[in-house]
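Based on the hints, put chains B and H with the ligands in the right spot on chain X.
Protein chains in written order, with the numbering used here: chain X, 883 to 1364; chain B, 6 to 129; chain H, 381 to 801.
Derived by calculation from the structure, the hints in this document are not laboratory data.
Quick caveat: nothing in here was measured; it's all calculated off a predicted structure.
It is possible that some hints are incorrect.
Here are the computed lysine-lysine pairs in the PhoX-like style, where the Cα-Cα straight-line distance is at most 25 Å [what the hints assert, rightly or not]: (1) H/K536 to B/K84; (2) H/K602 to X/K1090; (3) X/K1274 to H/K382; (4) B/K43 to H/K717; (5) X/K1157 to H/K602.
Not the full set, but computed from the structure, chain X residues with beta-carbon under 10 Å of chain B [as the list claims (entries may be wrong)]: (6) T1358; (7) L1362; (8) A1364.
Just so you have them, the derived chain B footprint on chain H, three or more residues with Cβ under 8 Å [stated by the list, open to error]: (9) 429 to 439; (10) 578 to 585.
Ideal Cβ positions, reconstructed from N, Cα and C, are used throughout, including at glycine.
The residues making up each chain are set out below.
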Amino acid sequence: MQIYDVAIIGAGAVGTAIARELSKLSIKVVVVDRLNDVGGDASKSNSAIIHTGFDAPPDSLESRMVVNANPLYDKLCCDLDIPFKRTGAVLVAVTETEEAELPSIMAKAHANHVDDLEMLSAKEVLELEPAVTPDVRGGLLVPRESIIDPFLFVVALAENATANGTEFLTGWEVSNLTFNENEYTVESPKGEITAKFVVNAAGLFADKISSFLGIDDFKVHPRRGQFHILDKAAPIGTKRIILPVPTKVSKGKICTPTIHGNWLIGPTAEELDDKTATQSTPEGLSDIVAGVVKLVPGVDARYAITQYAGLRPVRTPGGYHLRTFENLPGFLELSGIRSTGLTSSLAVARYGCEKLFKMGLSNKYKKHFVSKRQAIPCFREADEKARNKLIKQNPLYGKVICRCETVTEAEIVEAIRRKPGATDLDGIKRRVRAGLGRCQGGFCGMRTPQILARELDISIEEVTKKGTGSEILDGTTKSLRA
Amino acid sequence: MDKNKNTYKLLCIVCPEGCEIEATEIDGEFAFEKGICKRGQDYARQEIINPCRFLTTTVRIKGGVQTMLPVRTSEAISKDKLAEAMQQIASIETTAPIKLGEVICSNVANTGIPLVASKTVAAI
Amino acid sequence: MKKTNCDVAVIGAGPAGLAAAISAYENGARDVILIERDKYLGGILQQCIHNGFGIHVLGEDKTGPEYAEHFIQQVEKLPINCLTETMVLDLSENLTIQASSKQGILHIQPKAVVLAMGCRERTRGAIALPGKRPAGIMTAGTAQRFINCEGYLPGKKILILGSGDIGMIMARRLHLEGAQVQAVVEIMDCIGGLSRNLVQCLQDFDIPLYLRHIITDIRGDKRVEGVDFAPLGDEGQPQLDKKISLDCDTLLLSVGLIPENELSKKAGIQLDKITGGPIVDKNFHTSVPGIFAAGNVAQVFDLVDHVSICGMQAGKSAAEYARGELEHFSESLSKVKAGPGVGTVLPQVLSGPADGPLKFYLRARQVTRKALLQLRNSQNEVVFKKKFRTVRPAEMISVTADNLDCSANEYTFELIGEDNG
Ligand SMILES: Cc1cc2nc3c(=O)[nH]c(=O)nc-3n(C[C@H](O)[C@H](O)[C@H](O)COP(=O)(O)OP(=O)(O)OC[C@H]3O[C@@H](n4cnc5c(N)ncnc54)[C@H](O)[C@@H]3O)c2cc1C
Ligand SMILES: Cc1cc2nc3c(=O)[nH]c(=O)nc-3n(C[C@H](O)[C@H](O)[C@H](O)COP(=O)(O)OP(=O)(O)OC[C@H]3O[C@@H](n4cnc5c(N)ncnc54)[C@H](O)[C@@H]3O)c2cc1C
Ligand code: SF4
Chain X
883 MQIYDVAIIG
893 AGAVGTAIAR
903 ELSKLSIKVV
913 VVDRLNDVGG
923 DASKSNSAII
933 HTGFDAPPDS
943 LESRMVVNAN
953 PLYDKLCCDL
963 DIPFKRTGAV
973 LVAVTETEEA
983 ELPSIMAKAH
993 ANHVDDLEML
1003 SAKEVLELEP
1013 AVTPDVRGGL
1023 LVPRESIIDP
1033 FLFVVALAEN
1043 ATANGTEFLT
1053 GWEVSNLTFN
1063 ENEYTVESPK
1073 GEITAKFVVN
1083 AAGLFADKIS
1093 SFLGIDDFKV
1103 HPRRGQFHIL
1113 DKAAPIGTKR
1123 IILPVPTKVS
1133 KGKICTPTIH
1143 GNWLIGPTAE
1153 ELDDKTATQS
1163 TPEGLSDIVA
1173 GVVKLVPGVD
1183 ARYAITQYAG
1193 LRPVRTPGGY
1203 HLRTFENLPG
1213 FLELSGIRST
1223 GLTSSLAVAR
1233 YGCEKLFKMG
1243 LSNKYKKHFV
1253 SKRQAIPCFR
1263 EADEKARNKL
1273 IKQNPLYGKV
1283 ICRCETVTEA
1293 EIVEAIRRKP
1303 GATDLDGIKR
1313 RVRAGLGRCQ
1323 GGFCGMRTPQ
1333 ILARELDISI
1343 EEVTKKGTGS
1353 EILDGTTKSL
1363 RA
Chain B
6 MDKNKNTYKL
16 LCIVCPEGCE
26 IEATEIDGEF
36 AFEKGICKRG
46 QDYARQEIIN
56 PCRFLTTTVR
66 IKGGVQTMLP
76 VRTSEAISKD
86 KLAEAMQQIA
96 SIETTAPIKL
106 GEVICSNVAN
116 TGIPLVASKT
126 VAAI
Chain H
381 MKKTNCDVAV
391 IGAGPAGLAA
401 AISAYENGAR
411 DVILIERDKY
421 LGGILQQCIH
431 NGFGIHVLGE
441 DKTGPEYAEH
451 FIQQVEKLPI
461 NCLTETMVLD
471 LSENLTIQAS
481 SKQGILHIQP
491 KAVVLAMGCR
501 ERTRGAIALP
511 GKRPAGIMTA
521 GTAQRFINCE
531 GYLPGKKILI
541 LGSGDIGMIM
551 ARRLHLEGAQ
561 VQAVVEIMDC
571 IGGLSRNLVQ
581 CLQDFDIPLY
591 LRHIITDIRG
601 DKRVEGVDFA
611 PLGDEGQPQL
621 DKKISLDCDT
631 LLLSVGLIPE
641 NELSKKAGIQ
651 LDKITGGPIV
661 DKNFHTSVPG
671 IFAAGNVAQV
681 FDLVDHVSIC
691 GMQAGKSAAE
701 YARGELEHFS
711 ESLSKVKAGP
721 GVGTVLPQVL
731 SGPADGPLKF
741 YLRARQVTRK
751 ALLQLRNSQN
761 EVVFKKKFRT
771 VRPAEMISVT
781 ADNLDCSANE
791 YTFELIGEDN
801 G
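If we strip away everything but chain X, and leave its shape as in the complex, we get (with noise of 0.2 Å):
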């Protein structure tokens, strides 16, 4: 049986982060997930946006690693080529109460060490952002606020630790975890995994992981957002992050561009039980629009291509516990990552590895290291002498497969064969965005399943939007009136 150094549990963007930063040395390494694909849970679905940390409970484990984390972007995206753009965020006050809110926002920054915001007033908001609504009494300019495509993050992480011989395991669905001497025994219905730390980065489920080994001091409950995308022709006309003035309760809705030139407006903030409840709801989509249109008043729902909803894993007793235990030497435990986790992620990794090293994990570094990965030659972005160059070199890059993204045949390809790749269609769908255009998948819904069919191997009747039982076609005409 096969003897891992270090298991991850999820292959969100804390399981990636912390998987390429141990892919770094010479140990063997599995990420196990759950889902047919890496990407995570809540890693997938919230308001991608790098922050800076400025709000911030401060002296917070939470603080320490968003505010250390977000200086980290500018390399790391350049070396694994990942969409990523430093926009700014300008933080609107349209009540007097709210306007009076904003020297103790300034304070709590400068408590995270995070100095460089900058108090404005009504006309440099209205100068710096003329599509905010003209009520707006003043507002802060919060410069480092940025944002990134969040699943090609992920993905970036996950083929760069592959490429540095980190193994993936997806659809596979951690069901115990037993400590035994000194190895971990990790279970799943499709086989076991022996690895002598392990590291428990399941978001949502971290109490079940943590459970199975007797941990049971914290519960994690769901906190619904659901989100609008709008389409890039909609008049928003904004071009950074606009954040209303915070309540105690939650960062509120914001509208923002994103990396993709699509605006997103949302998130909502519901308390569930139920941590499979991503659906959006009427109630839910409506107040996205009304809290939103009093920052920006040109959003409007008819603009919208498609919603969707993610859940904030909330931790009780609250904030990150990034923590390991004297009797069960070699567990770490990630929990509490709520609703920064995208941004501290790459902190969180740095801290956790210092974790593991304590705990006896050997700090010893390749000599050849992987440290760049290459996106995907993009058609859309290319000039037309690259286009040409591209077609030249494969002639599926003349092929337009999802007109309203212009993702060519080869793209899709491409994404299904590196490691890990594409094996249903959200997969293709995030990596290359083939379906996420206003017509979401309208004209290539039939092409990428033949793609998908013949790379790899299958009948197209096999093939699934997002793993077994999500199949998308169900059997051949004639068959029910044979």
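Just chains B and H with the ligands now, with coordinates in the frame of chain X:
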């Protein structure tokens, strides 16, 4: 004397006017409200006595540039025969090349009406 | 950069594009290029295997593929250059076309362009359907392609949202294939498609139709497991106490078509907010000189026959423009507006001298019985009228008006019903 009187309500689909036709059948004779045109009356009579439909569906085709061949009945068949026809057609498989109008099956559901290809499919 | 010159380039080889290419050639254009991104010519008709096409143009009730083949054969007989598997990526104001193909990026410089890109279906996101996001939700058109062209079933227990033609046609198609069609749910109080489809696709097979209902939830994590829908109250809010829950494995959406105008926007063409397509004159000339638009790209049509007729006119006009025999309309010319009761009107501008009959295509806003259609000029005088027994939004109205004064007039179409007129 009214023992053989039936009334029917139907939506005429012959032309865009889309009249709602009320027809009264007395001893096999049809009476219509005034304003219902001749074509509408013919349609209503047919719909009441023996409603017929074109059946359009597909059959599998081997060796062609595509795997399904669109087909149709060359004339409308009785509505009651549609299910039977679909059952019969389910087991038909043809071979490319096929020309538009070619007979795929000469007698659909014992109606005597043939099933014909509604597309030309070249062989690969 | 190598450019191919030609007289007329047609983008899209559906019925509009096929007719335009043929008519451009027949009206004297010599180099005609027809560009299609699909492998085959024919456009959406390839997958519309049902009948109901061509009654007006060919005098016969044909299926979609038959109708398409009629025109494809004509194109193939003529020296028209068909570029298939070629997708137009860009169109500029000076008519330069950039397209991608397996051979590389092509540049085409025609003297006139006909846009015939058709339309696309509205999606789940566009109507913000609540619920989960499992597999088993697709547009009716995508399902149509899977079933008719590829031979696969999208599911076995089907619910259809929207009573557009495609939705109703797919209800029948799936029923005939042996699937269980649970219901068709429609938000409006009348069906969105043609009455003949109501009769022959739903009533024929006793498929329940729920008018004035909306979907309130979609269940299922991996694959659709069920859908909840509820009737709308007087204020348009769902009445959840009267909610209906049905189990199904598939949800098909037939919630409207939108003209495909990405390229039109790139070329800077002025679009009509209501039709969603370019503003055109009787020659189907758009606001950019030399660019014409025909078929569903200009306005979503109900019958393919109208599409072909528009395509022919657009192709003829394009050929004339390429020869320098047709002028672009000027800003000062007459405009035609959709007034009370009228949803859309085509053409929206009148150009040139009043040289005879002018054909208009309109859609009514609501079902109107004993309807009177009137055209008023700037002086509010009625210059044309016609009576209809019934008009429906789903069925296009086409009328021909004579002797209109086309210089700087503003015309308005209005539809008056029996009750309010
Ligand atoms: C609405 C919303 C908005 C947000 N906005 C932002 C933002 O703008 N910026 C920001 O920095 N953060 C944001 N966050 C927070 C951020 O998304 C999360 O903190 C982060 O994604 C957590 O990453 P993770 O890897 O811990 O969890 P996840 O991404 O949830 O990954 C956990 C993984 O563990 C797997 N798993 C669970 N149980 C098992 C098991 N038994 N066996 C195998 N695998 C298992 C899951 O399948 C999953 O893939 C937002 C969150 C939400 C919900
Ligand atoms: C499901 C359905 C059922 C119908 N049923 C009936 C009926 O029963 N009877 C009837 O009379 N009418 C019916 N219609 C209406 C009629 O078929 C359509 O109105 C007609 O096909 C529209 O023709 P078109 O040429 O405008 O568009 P399409 O047929 O959609 O053709 C557009 C073409 O342009 C191509 N294209 C688009 N963009 C590009 C680009 N950038 N580069 C290259 N090529 C491009 C597309 O691939 C496509 O081939 C139906 C329509 C649909 C969708
Ligand atoms: S009755 Fe005559 S006018 Fe009325 S719909 Fe039928 S064919 Fe048309």
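Outcome, coverage of the stretch 429 to 439 of chain H by chain B - at least 3 residues whose beta-carbon is closer than 8 Å to one in that chain = With 3 residues closer than 8 Å to chain B, the stretch 429 to 439 of chain H meets the three-residue bar; holds.
request  = Given the hint that H/K602 pairs with X/K1090, test it: the Cα-Cα distance must not exceed 25 Å.
outcome  = Holds, at roughly 22 Å.
task = Let me know if the C-beta of X/T1358 comes in closer than 10 Å to any C-beta of chain B, holds or violated.
result = Where the cut-off is 10 Å and the nearest Cβ of chain B is about 9 Å from X/T1358, the hint holds.
ask   = Taking 25 Å as the top limit, are the C-alpha atoms of X/K1157 and H/K602 close enough?
value = holds, 15 Å
key: Pairwise hint evaluation, B/K84 against H/K536, where the allowed Cα distance is 25 Å at most   = holds, 23 Å
key: Interface hint status, X/L1362 versus chain B (Cβ within 10 Å)   = Given a least distance of 8 Å, the restraint on X/L1362 holds.
key: 8 Å C-beta criterion, at least three residues: is the stretch 578 to 585 of chain H covered by chain B   = holds (count 4)
request  = Starting from B/K43, check that the Cα of H/K717 is at most 25 Å away, please.
outcome  = violated, 36 Å
request  = Have a go at the X/A1364 hint: is there a Cβ in chain B nearer than 10 Å to its own Cβ?
outcome  = The hint holds - X/A1364 has a Cβ within 10 Å of chain B, the shortest such distance being about 5 Å.
inquiry  = Just to be careful, I want the Cα atoms of X/K1274 and H/K382 compared with a cutoff of 25 Å; is the pair within it?
reply    = The hint holds at about 16 Å.
Checked against the numbered hints listed earlier, the structure breaks hint 4 alone; every other hint is satisfied.
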